[in-house]
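A.B. asks: The primary structure of each chain is shown beneath.
There are 2 protein chains.
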Amino acid sequence: MTAFSPRPTEPKFSEPKFSTGRTGSLPPADSRERVSSWMKSFQDRVCQGLEATDGLGTFKQDAWERPEGGGGRSRVMRDGNVFEQGGVNFSEVWGKDLPPSILAQRPEAAGHSFYATGTSMVLHPKNPYIPTVHLNYRYFEAGPVWWFGGGIDLTPYYPFDEDVVHFHKTLKQACDRHDPEYYNTFKLWCDEYFYLKHRNETRGVGGIFFDYQDPSGVLYPISYPGSQMDAFDPKTATPAAKHSVKVGKVPDRSWEDIFSFSQSCGSAFLPAYTPIVEKRKNLEYGERERNFQLYRRGRYVEFNLVYDRGTIFGLQTNGRTESILMSLPPLVRWEYDYQPEPGSPEARLYDIFLKPQDWINWKA
Amino acid sequence: MTAFSPRPTEPKFSEPKFSTGRTGSLPPADSRERVSSWMKSFQDRVCQGLEATDGLGTFKQDAWERPEGGGGRSRVMRDGNVFEQGGVNFSEVWGKDLPPSILAQRPEAAGHSFYATGTSMVLHPKNPYIPTVHLNYRYFEAGPVWWFGGGIDLTPYYPFDEDVVHFHKTLKQACDRHDPEYYNTFKLWCDEYFYLKHRNETRGVGGIFFDYQDPSGVLYPISYPGSQMDAFDPKTATPAAKHSVKVGKVPDRSWEDIFSFSQSCGSAFLPAYTPIVEKRKNLEYGERERNFQLYRRGRYVEFNLVYDRGTIFGLQTNGRTESILMSLPPLVRWEYDYQPEPGSPEARLYDIFLKPQDWINWKA
Numbered sequence: 216m217t218a219f220s221p222r223p224t225e226p227k228f229s230e231p232k233f234s235t236g237r238t239g240s241l242p243p244a245d246s247r248e249r250v251s252s253w254m255k256s257f258q259d260r261v262c263q264g265l266e267a268t269d270g271l272g273t274f275k276q277d278a279w280e281r282p283e284g285g286g287g288r289s290r291v292m293r294d295g296n297v298f299e300q301g302g303v304n305f306s307e308v309w310g311k312d313l314p315p316s317i318l319a320q321r322p323e324a325a326g327h328s329f330y331a332t333g334t335s336m337v338l339h340p341k342n343p344y345i346p347t348v349h350l351n352y353r354y355f356e357a358g359p360v361w362w363f364g365g366g367i368d369l370t371p372y373y374p375f376d377e378d379v380v381h382f383h384k385t386l387k388q389a390c391d392r393h394d395p396e397y398y399n400t401f402k403l404w405c406d407e408y409f410y411l412k413h414r415n416e417t418r419g420v421g422g423i424f425f426d427y428q429d430p431s432g433v434l435y436p437i438s439y440p441g442s443q444m445d446a447f448d449p450k451t452a453t454p455a456a457k458h459s460v461k462v463g464k465v466p467d468r469s470w471e472d473i474f475s476f477s478q479s480c481g482s483a484f485l486p487a488y489t490p491i492v493e494k495r496k497n498l499e500y501g502e503r504e505r506n507f508q509l510y511r512r513g514r515y516v517e518f519n520l521v522y523d524r525g526t527i528f529g530l531q532t533n534g535r536t537e538s539i540l541m542s543l544p545p546l547v548r549w550e551y552d553y554q555p556e557p558g559s560p561e562a563r564l565y566d567i568f569l570k571p572q573d574w575i576n577w578k579a
Numbered sequence: 216m217t218a219f220s221p222r223p224t225e226p227k228f229s230e231p232k233f234s235t236g237r238t239g240s241l242p243p244a245d246s247r248e249r250v251s252s253w254m255k256s257f258q259d260r261v262c263q264g265l266e267a268t269d270g271l272g273t274f275k276q277d278a279w280e281r282p283e284g285g286g287g288r289s290r291v292m293r294d295g296n297v298f299e300q301g302g303v304n305f306s307e308v309w310g311k312d313l314p315p316s317i318l319a320q321r322p323e324a325a326g327h328s329f330y331a332t333g334t335s336m337v338l339h340p341k342n343p344y345i346p347t348v349h350l351n352y353r354y355f356e357a358g359p360v361w362w363f364g365g366g367i368d369l370t371p372y373y374p375f376d377e378d379v380v381h382f383h384k385t386l387k388q389a390c391d392r393h394d395p396e397y398y399n400t401f402k403l404w405c406d407e408y409f410y411l412k413h414r415n416e417t418r419g420v421g422g423i424f425f426d427y428q429d430p431s432g433v434l435y436p437i438s439y440p441g442s443q444m445d446a447f448d449p450k451t452a453t454p455a456a457k458h459s460v461k462v463g464k465v466p467d468r469s470w471e472d473i474f475s476f477s478q479s480c481g482s483a484f485l486p487a488y489t490p491i492v493e494k495r496k497n498l499e500y501g502e503r504e505r506n507f508q509l510y511r512r513g514r515y516v517e518f519n520l521v522y523d524r525g526t527i528f529g530l531q532t533n534g535r536t537e538s539i540l541m542s543l544p545p546l547v548r549w550e551y552d553y554q555p556e557p558g559s560p561e562a563r564l565y566d567i568f569l570k571p572q573d574w575i576n577w578k579a
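Same order as they appear, the protein sequences are chains A and B.
So the first sequence is numbered by our numbering: it starts at 216 and just counts up by one.
So the second sequence is numbered by our numbering: it starts at 216 and just counts up by one.
Just so you know, the hints here were simulated from the structure itself, not pulled from any lab data.
Heads up, a few of these hints could be off.
Computed, partial: chain A to chain B, Cβ under 8 Å [as the list claims (entries may be wrong)]:
hint, residue
1, GLU416
2, GLU517
3, TYR551
Just so it is clear, CB atoms sit at the ideal spot from N, CA and C, and this is done for glycine as well.
The following block holds chain A by itself, in its conformation from the complex (with noise of 0.2 Å):
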């Protein structure tokens, strides 16, 4: 690791914080502190947990700043015994405006100076067997406003159903811990969010995803274009022609309560992903499942690249390219026209593992 930028001395921003609102929904006066602390003690639990995994790769920190304001610490794992590419982001901006794609979901924002942190993952194994994964949880600050965000969604390029209930029932047991709602909400919401409209397909098997948490205990506060969320049937999560979805609410939640909920959520990924690597990280492969790989990481750069916020969020504010791209996979194949054939294990992929599935009950 090369050594990390000091952290500034000068203050992020001016502007007095939170002068009004109900005194257990506001942000304690370190708050930044304590939130960008946490998000680099977990960078550095999760990139100790993926070298150990991994047995040979190590990862190399680039650390950076944004001439706006703030920086980060990128750190890559290449050519690792099981990761092919793995990033481990470690981010806090500040700025005078949040971008216009945000600021149309919190427009009480307008007009403020915000602060952001954040840390994201993707990794990309090297066996067509072990799924890719993709994490980032972030905070905001802007004017009278603050929100926790994030999320965490598997990719599997083969079929293994175990994986994908305990995958699933790890990041249910991180919810439950806070709310019986959660789960439920944000596995919909993530169903709902990595997902290809032009390809009618699921980005994987997803897990959970959440935006815009605030004491106003609103759970699914958004409508954006494009939304599918009343496509979906909340109970089986599978698609249900115009269902509408009752999405619940959780009143008087603290900063603390939501910040709690973060912590647990990002302390869930070692347990929900590496026994998944270690059970299949042996398993032999040949040229059909690595080339079947290539061509389905081309989904996940169509994602990143169309659909993604994070993506759009980061080029937006004259973030740094390199890091916001290293989610790219380092090997990609597109075909023109691919099908899988009838009755493989690659059409069982787009049979069940690319639709919204109810993996907690699931009977294979």
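Take the given structure of chain A and dock chain B to it, following the hints.
C.D. replies: Chain B alone, transformed into the frame defined by chain A:
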């Protein structure tokens, strides 16, 4: 080649055509048939020329229909002698409303049904010394308005000055047969359009690009978010801080004039490109050149998915995804924080070929 679906016999739309306007500016009664018929014969000629150049690969055709109206014929060559993958698409679509991205530029078309036809092509050669090439010519009618658009641009992986000069001179000759203003304006527009803001790079060495060519005679009629038109010096075509470009006007152009110009541009493709292929196709290359080619192909993907209006139009109009994304390369690499070695051919590509240059008056 498989048979392609017959022309639909139902009227393409029921609205009366062009009841107002100067006589010379009106399309002829058979405008759609004439353009689409030319587009198809152009596709045929291009495919024949490319098969002859390749010597091994042949184009396979998929004919498809669009449920909302229209269809097309997609032709793909794979694993040829020269071309690792090449796609040449013809399409002809019609429907109720143009997508918002186009209506923003042509508000007069709102509320009217539209007709659009075009031919587009991307070729990904195997040999890294042969540039990738892209072409797209198209024609629109919607209510009281009609226009032609299109262009062609070259994306080299290794810097051969004479190839780029040949390409640009051939295009300039085609333009000059119609108007002395065309080449300079459309060369500049091409540099502006095929620009990756997040990389601060042009996609390649450009060529010509135009859109919204109609009887108004305005050559560069639009202004859109991210437009770079005033950031380039029109004489040297090198970036110049806030240099204001004077864009010419060609009044009294008839429909026939602009159609004829589009045809000349199309016909310039084979003479502009195939001599470059012939000159480079037998050059030997190694792993280094292949790796660099695969890496640079990533920029093609980034451009097409993040910026390209043709791709956005296609996805917004429920186009055929496989045909739209046929432009994506067959194999692509991403590498975190790649930097070319100073003094290498790869560095020369970045320093000279990924910035706008005056290729007509080029002195190496």
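A.B. asks: For each hint, tell me whether it holds in the structure or not.
C.D. replies: Structure-based check of all given hints:
Nearest Cβ of chain B to the Cβ of A/GLU416: about 10 Å, over the 8 Å cut. The hint is violated. Below 8 Å, beta-carbon pairs count as interface contacts, and A/GLU517 has one with chain B at about 6 Å; its hint therefore holds. Annotation: A/TYR551 was flagged as interfacial toward chain B, and the flag holds, the nearest CB pair being 5 Å apart, inside 8 Å.
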